[in-house]
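Novice: Those protein sequence lines, which keep their order, are chains A and B.
The opening residue of the first sequence carries number 1 in the numbering used here; numbering runs sequentially from there.
The opening residue of the second sequence carries number 244 in the numbering used here; numbering runs sequentially from there.
There could be a bad hint or two in this list.
To be verified - A few chain B positions that, by computed beta-carbon distances, are all more than 10 Å from chain A:
id, residue
1, K253
2, A256
3, G257
4, D258
5, V264
6, G265
7, L277
8, F283
9, R287
10, Q289
11, L302
12, Y305
13, R317
14, F319
Unchecked claim - The calculated lysine to aspartate or glutamate pairs, modelled on EDC-like cross-linking and capped at a C-alpha distance of 16 Å, are:
id, chain 1, residue 1, chain 2, residue 2
15, A, K168, A, E207
16, A, K136, A, D68
17, B, K314, B, D295
18, B, K245, B, E286
19, A, K187, B, E286
20, B, K253, B, E286
21, A, K187, B, D258
22, B, K253, A, D214
23, A, K52, A, D31
24, B, K245, B, D295
25, B, K253, A, E82
26, A, K6, A, D45
Unchecked claim - Here are some, though not all, of the chain B residues that point toward chain A, as calculated from beta-carbon distances under 8 Å:
id, residue
27, L251
28, V261
29, M274
30, I311
31, D315
Simulated from the structure, these hints should not be mistaken for laboratory data.
Bear in mind the structure is a predicted one, so any value in this text is a computation, not a measurement.
For glycine and all other residues, C-beta sits at the position ideal for the given N, C-alpha and C.
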Amino acid sequence: MTTIYKIAERNIRVTSLHAYVHRLCGAYQTDETAVDFSVSVTQADIDFEREKSAQEQHPDTGLCTAPDDYLETLAVYRQIAEQMPRYDTVLIHGSCVAVDGIGYLFVAPSGTGKSTHTRLWRERFSERAVMINDDKPLVRVTETGAVIYGTPWDGKHRLSTNTAVPLKAICRLERGDENRIVPMTAKEAYPMFLQQAYRPADVAATEQTLTLIDRLITRVGLWRLSCNMDPEAALVAYDAMKG
Amino acid sequence: MKLKNGFLLKELAGDHVVVPVGQAALDLRGMITLNETGAFLWERLQTGQTEDALVSAMLEEYDVAPDIARKDVRAFVEMLRQQQLLED
């Protein structure tokens, strides 16, 4: 099964063993036929994802019971993320919401409450807010800033939009009793990016990823938010980050 | 002595950061931050070096007494050995 999708401005030919990845990517299908690159999944790629998921999510049992067609979606995105650095684009694990067409990205380890926080933004700003991607957006670093893209890999609540917005600021999110946001320096920020950005297997792609992170942290606002789940948290964060 | 393959030394926000790549990334997920001298020695150790060669390089680059340079080189190499970053 082969279809061409346009993701983060690149035309990507995706060849899979199962149908599910094509349902996932449906909204990103393009009629254009000139492709930037192709990805193709084998059973070995799927088995690799199963092993990796078992290690990361079930270290106690070492077992992963996810079906092959789901694991294949991970294999496809891994291959895409591996190619993207050459287009000045990196995958960053985080939840991104746009207000009035400007993107704000929240980054934290899984389970911290990124999705909960961006839900507060949607409730606070209603139709002014658009969910760009709730889990794995792509960020393209430009000469003057960054652009963030919706992708089909958008987390368990399936929240994303096939669109692109300028990325104004990135915020590290922590749980706290009170809502408080402070600026973060590039030095404080980069370890988080090393953890939450996709780290390619390829050496040249890793080198380019690090170059892009170094540029990114000088071109967007960097913040650290300590927050609870009150609706006020969204306003505290927005007031600071919108500049 | 020589560094194992599979590490990139890059400057991030002005810091010298060592990041594992490829196979090495499976064994070490984190990163190593080096000071300027550490980065200087790391770059040299990407090709084979003797302790004397590293000390000479230090003396050429920095305004430092020979015994201090040797002590620094030994401490740095010892750290690398403990972290299993050197080829045997």
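Novice: A separate judgement is required for each hint: does it hold in the structure or not?
Specialist: Here's how the hints hold up against the structure:
Separation of K253 of chain B from chain A is inadequate, the least Cβ-Cβ distance of about 4 Å not exceeding the 10 Å criterion. The Cβ of A256 of chain B sits about 4 Å from the closest Cβ of chain A, inside the 10 Å cut-off, so the non-interface label is violated. Interface exclusion of G257 of chain B from chain A breaks down, the closest Cβ pair being 7 Å apart, not more than 10 Å. A Cβ of chain A approaches the Cβ of D258 of chain B within 10 Å, the least distance being about 6 Å, so the stated non-interface status is violated.
Residue-level check failed: V264 of chain B sits 4 Å from the nearest beta carbon of chain A, not beyond 10 Å. Non-interface call for G265 of chain B relative to chain A: violated, since the shortest CB-CB distance, roughly 6 Å, does not exceed 10 Å. Separation of L277 of chain B from chain A is adequate, the least Cβ-Cβ distance of about 14 Å exceeding the 10 Å criterion. Every Cβ of chain A is farther than 10 Å from the Cβ of F283 of chain B; the closest lies at roughly 19 Å, confirming the non-interface assignment.
Once the 10 Å rule is applied to beta carbons, R287 of chain B is consistent with being away from chain A; the minimum gap is 19 Å. Interface exclusion of Q289 of chain B from chain A stands, the closest Cβ pair being 13 Å apart, more than 10 Å. No beta-carbon of chain A comes within 10 Å of the beta-carbon of L302 of chain B; the shortest separation is about 30 Å. The beta carbon of Y305 of chain B sits about 24 Å from the closest Cβ of chain A, which is more than 10 Å, so the claim that it is off the interface holds.
Here R317 of chain B stays apart from chain A, with its beta-carbon at least about 29 Å from theirs, past the 10 Å limit. The claim that F319 of chain B is not at the interface with chain A holds, since no C-beta of that chain comes within 10 Å of its own (minimum 22 Å). Note on K168 of chain A and E207 of chain A: the hinted pairing is violated, with a Cα-Cα distance of about 25 Å set against a maximum of 16 Å. Taken as a hint, the K136 of chain A and D68 of chain A pair is broken in the structure, with Cα atoms around 20 Å apart against an allowance of 16 Å.
Simply put, K314 of chain B and D295 of chain B have alpha-carbon atoms about 12 Å apart, close enough for the 16 Å limit, and the pair holds. A threshold of 16 Å between alpha carbons decides the hint, and for K245 of chain B with E286 of chain B the separation of about 10 Å falls inside it, so the pair holds. Under the criterion of a C-alpha separation no larger than 16 Å, the hint pairing K187 of chain A with E286 of chain B is inconsistent with the structure, at around 22 Å. Among the hinted pairs, K253 of chain B with E286 of chain B is consistent with the structure: their alpha-carbon atoms are about 11 Å apart, no more than 16 Å.
Restraint check: the Cα-Cα separation between K187 of chain A and D258 of chain B comes to about 8 Å, which is no more than 16 Å; the hinted pair holds. Of the pairs offered as hints, the one joining K253 of chain B and D214 of chain A holds, with about 9 Å between alpha carbons and a cut-off of 16 Å not exceeded. Distance hint between K52 of chain A and D31 of chain A is unfulfilled; the C-alpha atoms sit about 34 Å from each other, more than 16 Å. Between K245 of chain B and D295 of chain B the alpha-carbon distance is near 14 Å, which keeps this suggested pair within the 16 Å criterion.
Taken as a hint, the K253 of chain B and E82 of chain A pair is broken in the structure, with Cα atoms around 19 Å apart against an allowance of 16 Å. With a CA separation close to 22 Å, the supplied pair K6 of chain A and D45 of chain A exceeds the 16 Å bound. Interface hint at L251 of chain B: satisfied, since its Cβ lies 6 Å from the closest Cβ of chain A, which is below the 8 Å cut-off. With a least beta-carbon distance of about 11 Å to chain A, the hint placing V261 of chain B at the interface is violated under the 8 Å criterion.
A hinted interface residue such as M274 of chain B counts as satisfied when its beta carbon comes closer than 8 Å to some beta carbon of chain A; here the least separation is about 6 Å, so the hint holds. With a least beta-carbon distance of about 28 Å to chain A, the hint placing I311 of chain B at the interface is violated under the 8 Å criterion. Look at D315 of chain B: its Cβ only gets to about 24 Å from chain A, farther than 8 Å, so that hint breaks.
Of the hints listed earlier, those the structure fails to meet are numbers 1, 2, 3, 4, 5, 6, 15, 16, 19, 23, 25, 26, 28, 30, 31, in rising order.
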